[in-house]
Each structure stands twice: as C-alpha cells, then as structure tokens.
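Here are the chains, one letter per residue:
2 protein chains.
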Amino acid sequence: MKAAIFQGKGKIEVQEVPDPVIQNPDEVIVKITHSCICGSDLWFYRGLSPKDEGSRIGHEFMGIVEAVGDEVKNLKIGDLVIAPFSISDGICQECRVGETRFCRNGRFWGTGGYDAGQGEKVRVPLADGTLVVVPEKNLDEHMIRALLPLTDVLSTGHHAAVDAHVGEGSTVAVIGDGAVGLCAVAASKRLGASRIFLVSTHEDRASLGKQFGATDIIAVRGQEAIKQIKAATDDLGVDCALECVGMADAWDLAFGAVRIGGNIGFVGVPHGVPDIPVSKLFSSDVGVKGSGASARHYIPELMPDVLSGKLDVSAIFTKTIPLSDIAEGYKDMDERREIKVLIKP
Amino acid sequence: MKAAIFQGKGKIEVQEVPDPVIQNPDEVIVKITHSCICGSDLWFYRGLSPKDEGSRIGHEFMGIVEAVGDEVKNLKIGDLVIAPFSISDGICQECRVGETRFCRNGRFWGTGGYDAGQGEKVRVPLADGTLVVVPEKNLDEHMIRALLPLTDVLSTGHHAAVDAHVGEGSTVAVIGDGAVGLCAVAASKRLGASRIFLVSTHEDRASLGKQFGATDIIAVRGQEAIKQIKAATDDLGVDCALECVGMADAWDLAFGAVRIGGNIGFVGVPHGVPDIPVSKLFSSDVGVKGSGASARHYIPELMPDVLSGKLDVSAIFTKTIPLSDIAEGYKDMDERREIKVLIKP
Chain F
1 MKAAIFQGKG KIEVQEVPDP VIQNPDEVIV KITHSCICGS DLWFYRGLSP KDEGSRIGHE
61 FMGIVEAVGD EVKNLKIGDL VIAPFSISDG ICQECRVGET RFCRNGRFWG TGGYDAGQGE
121 KVRVPLADGT LVVVPEKNLD EHMIRALLPL TDVLSTGHHA AVDAHVGEGS TVAVIGDGAV
181 GLCAVAASKR LGASRIFLVS THEDRASLGK QFGATDIIAV RGQEAIKQIK AATDDLGVDC
241 ALECVGMADA WDLAFGAVRI GGNIGFVGVP HGVPDIPVSK LFSSDVGVKG SGASARHYIP
301 ELMPDVLSGK LDVSAIFTKT IPLSDIAEGY KDMDERREIK VLIKP
Chain W
1 MKAAIFQGKG KIEVQEVPDP VIQNPDEVIV KITHSCICGS DLWFYRGLSP KDEGSRIGHE
61 FMGIVEAVGD EVKNLKIGDL VIAPFSISDG ICQECRVGET RFCRNGRFWG TGGYDAGQGE
121 KVRVPLADGT LVVVPEKNLD EHMIRALLPL TDVLSTGHHA AVDAHVGEGS TVAVIGDGAV
181 GLCAVAASKR LGASRIFLVS THEDRASLGK QFGATDIIAV RGQEAIKQIK AATDDLGVDC
241 ALECVGMADA WDLAFGAVRI GGNIGFVGVP HGVPDIPVSK LFSSDVGVKG SGASARHYIP
301 ELMPDVLSGK LDVSAIFTKT IPLSDIAEGY KDMDERREIK VLIKP
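Line by line, the protein sequences are chains F and W. Per my numbering: the first sequence = residues 1 to 345. Per my numbering: the second sequence = residues 1 to 345.
By construction, these hints were calculated from the structure, which means they are not laboratory data. The beta-carbon is built from N, C-alpha and C at its ideal position, and this holds for glycine as well. One or more hints might be untrue.
[To be verified] A short, non-exhaustive set of chain F residues, derived as facing chain W with CB atoms under 7 Å:
no., residue
1, Q93
2, L236
3, G287
[Claimed, not checked] Over the 10 Å line for every Cβ pair with chain W, so calculated as not near, a few chain F residues:
no., residue
4, G98
5, G113
6, E120
7, V134
8, E141
9, S194
10, R259
11, S279
12, S324
13, K344
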C-alpha cells in the first residue's frame, strides 16, 4: 500500500509501505476512503514543531473496516467509521468524564510506530474506544464530506465554543478564519449564539463564515478589530471569545473582545503565547479554558445534526486530490491558497 | 458619630467623625446595626497592601435607612438593607450583565472620600443600585447574622462556586478554611455538589465546614492533600477546585486537585501567584475563572434561601464585639483566633 511520509521541513513523499496487519486483539484495519490535511500538520511541515523524518502523517480520516481483532466488540467488517484525531480506550477515568483527548492509554496517529491517516490503510489500536460507526448506509459523497470534519476541525470548533460556554443567546467572537475558526462559527450557531463576529480579512473565508452563521464580519485586525467589536456591542464586548489560532496576536484580540465576566475558549495549539497573569483574570472575571478537543466524545453528539443536514461544514474542503498529489496539497494549505484539502486515496 | 480609622500597620482606632449628610440626590444615610471584619481587611492591617493612614475602613454591613435623597426610588426610611462590599449603579453595561463588581461608576467603601462600614453611620452613594432591601420585617438576631455574610463572604464563596461551574453532582475541593472557604462549602452544597472536600488543618474550622456541607476533611497540606483527594476520587481529581486564599501554595493545590477538563474558580485576592502558562491549561483542559464577587448581583438570588433557613452560615461569626473593641477584633482575626468578628456599633 501507499502512505504519505514526512521527509523533513517542506517535504512530503508518497511511499510504498507494508500493508497493515492486526497485531493485537483490540485492533481493526481500516481501508481509508477519505482523509485530509490539517492546519496543525503545517507546524511540522514548516519546521516549527518537531517530527521525526520518516514519520507517517495524517490524523483525520474515514474509511471502511476491513479486518477485526478477536477482542473487538463494537465494529464489524464493512462498517463505515469516523476516526477522531486521537486514539482513546473509552474506559479510563478521563474517558469516562468525556475527556477522551486525555485518555491514559491514548496515543496519536503516526507516533510510536502507529500508522497514520494520510495513506491507503491504517491499523487502529483500541478500536472499540476510538472509532465511531456511522449508523446510516449508502451515504452520498456530499454527506461523507460533511461527516469528515468531525474527525478534528468540527469537533475542535465545537470544543472552542463549549469551553467558552457558548449557549442560547450568547454573543460570540471567533478569532481565526481557518477551518477550525469556520467550524467554530457553525458550532456556535448550533449552540444558540445570537450574534457571531468572525474576524477575517479574506473575502472567501468570510463568505464561508457567513454561510456557516456569522452575523458580522470584522475585516480588520488587532486594536481596530477590538474597537469594531466593542462598538457593535454597546462598548461591552462579547460573552464568548473563541481563540482558534494559537498565536499571541489572536490571544490579545480575544482578551480585547471579551466582556467583563465573559469566557475565552481556546483551541489553537499555543505557539509563543505569553503566560497569563492571574491579576489580569482577577481584574476582569474573564474565564479561560481550552485544549485539544475530545473529538471521540463529541462525535456521537454532533453526528445526528450532520446526518440530518442541520450541521454542514463540507464547504471547508476547497480542493480534493488523490494521495499521489499530497505534496501539492500541503503546499496549497501552507500558502493559504486552500482552506482545507481533502484526500481520496 | 464614631468610626474606625486605619492609622498604619497594625493600628486601628475608633474616632469621633462628623455625622454623614446627604450630598447628592442618589444617596441615602444608613444607620449601621451590624458590621464585620473581613479577611481582606488583614492585607492592609498587615501592611501587605497599600492604604492611606486616616482612611475609614470596613465594607460589610447592614443597617436601617435613616435619610433618603430626592432621586432615590427603591429605598425608604426604615428599610433594613444589606450593603454589598462594592458600590454599583445597577444600570451600566457591566451591571446589566450581572457584573456589578465591575460597575463603570463603581467605587469602594472608604475610598475617594466615601464612608465605610466599620462605624455608626454611612453615606451610601448610588443607593438604588447598591443596597438590597430585606423584604421581611421583625427578623430575629440569628437571621440578621445569617443575612450579614451576603455582604461579602457568602457572595464571594458563591462566586467561587459559580466560576468553577459547580452544579448538580459536582465533586468539589475547597482550598481555604477562612470565612470565604467555609461559605464556598455552603454555596457548593446549595448548587448540588455531591462531594465536597475541605482542606483544613484547624479542627474548629473543619467542624464548621462539615456543618456547612463538607463531606471530606483533608487535614494535611500541599502534595499530601493532593494525594488524598486523588486517592478519594479514583485518581481522577475533582470537577471543581475553589481557590479561596490567593497565595501560590493554594493555587498549586487547586491545579493538583482538579481533574483534566475541570474548573478552578478563584476568589482569593492574588498575592504572589505566578503567571499561568497557556500550555499548562492547554495540556489539561482546566478552566480558570475568578474575581471579586458581584455581591449586588448575587444577593437577590441567595437571600430567599437565607430567609427560608436553607442557607445559614451565621456560625462563621465566632465573636461579637462593640465598635469600641474593634482593635482587639482585628488582632483576633490577624492571629486566627476567630474565624470572623461581628461588630455591633
């Protein structure tokens, strides 16, 4: 089979690798039908976070179960499955309280000798705890593309909204117009937000944001963006700021846009974000909460709304490529020519 | 009339001062019947936070309205009133979202020429926005002592629980066995917590904590306390940690006791607490939120439960003194001989 391999900064290659076989009874083999490239893949691609050369890559995929280990209970050959971006056992203390991202036996695709999602097949450890079966059959391509973001970006956008305590009637500012930010808009709308500001200086992304539920586009950055959000909220600020970037500027915008007593939910992997003085929180009653999303926990809650058509962010996939073109796909995302690239192995 | 005056570190004097008179039409004059000494008063008493010598002091009091300015609408002579520890107009943007502690026109008792609560009478600015009328008449002394903590410590303990998102079935760790910590126990119980750990190495305070709803007393400090809380929660930690001290050790305990994905509510005025690395939050999904409490906002919600007898923390008052003995009262609290001292001018 073929799989994408990281060969150092800016270099992705498709190579021939051995077909996966079940090594432990808790595993299944999935034939990948749909995969994608994540904004977070760009960190190692750009050389900004460490990754061993020769690593398998990719952590967002769907596919069909092809072989099942002896101890697997909830999956059978032929099932269409969604794979969250982190592997979890579903039974440890953290999994039981819904924090599957922090599973005690958890691991990540492509680390410690495990397969990854940008390839033709994958061996899935802890399969019962990790994979979610799609209960409907004969779904069309559009619906698969609407389900695929549950693997990461839609669950992550939802997590930003949950951690920022978005609820009925909330005013929300979404900082970041990448796939996660756009999904955070859709998730906020789903949770009942009455007004959603999307900070975006890119017309195509802003237009998608509007389609997903943004009521106001803030097409400027920094202090000017804060000024516009404040002006539009009677000088109060928003109840919930969703930080979907992970950089210092985005955090400044979040703190500037959120009202006294509001909440910042953050899901951008922090890169160079300064420590938060406790006195800054104490003098504003602003709450701060965030992390990688427990996608495995969220998918069963979100999936019905995707299947019913209520929650559809499939439009984030602005390009579809075969696995053989993946190097080009990384380049497209790196240069922000595409919002998100879908791979059909 | 007489009032307590701060005369420098460790020195409180009762002096003769002019009787207050109404200076603006939004004001009332209150004859104070009950007042108290706050743990936060000890910061300036100990010389650890700045306060001008000659300042009027005290910010927790109840009393009877004695005179009413022309523009006051909701108060009349003879009303029994509760005064929150901060003054608020009730109409600004922050007040309208319940953040009265951050009122744009807000101020604090004893600052900027304003009277304060450890004295015989007080001029109350923004009286409609600030004071809460007790709707029942002929309350006995016990009930007044149960209402008085609403001015600050009970509202503050409640705020810690609210900011830590305590709800039905929550597991809670309260850090701090002062009046605020004890009130946080009672507030957590009221909000439905199923298990409440109180960290306390003082038998008298621990016993009061149990009376207020603590299910487990952790009678050790630091790492050992964390170990005991973890052991009692299947190695998970608590859903909600309530930091009611404001010192670095208490924060370490809060971070150590809270589970992945849990919440820290903090109300201890931060003194020497290190900045929080964003990566520490991101790698735990722990939420952090806290501030001084918007007592004015909380009192109408909490008061009915006090009046019905369901919420009674009057036992935090371990000593009652006349105003003339206030210097001794400060000493008692400074040396932790008393939990909270009540003053009857």
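### Message
Of all the hints numbered above, which does this structure not satisfy? Sort the numbers upward.
### Response
4, 10, 11
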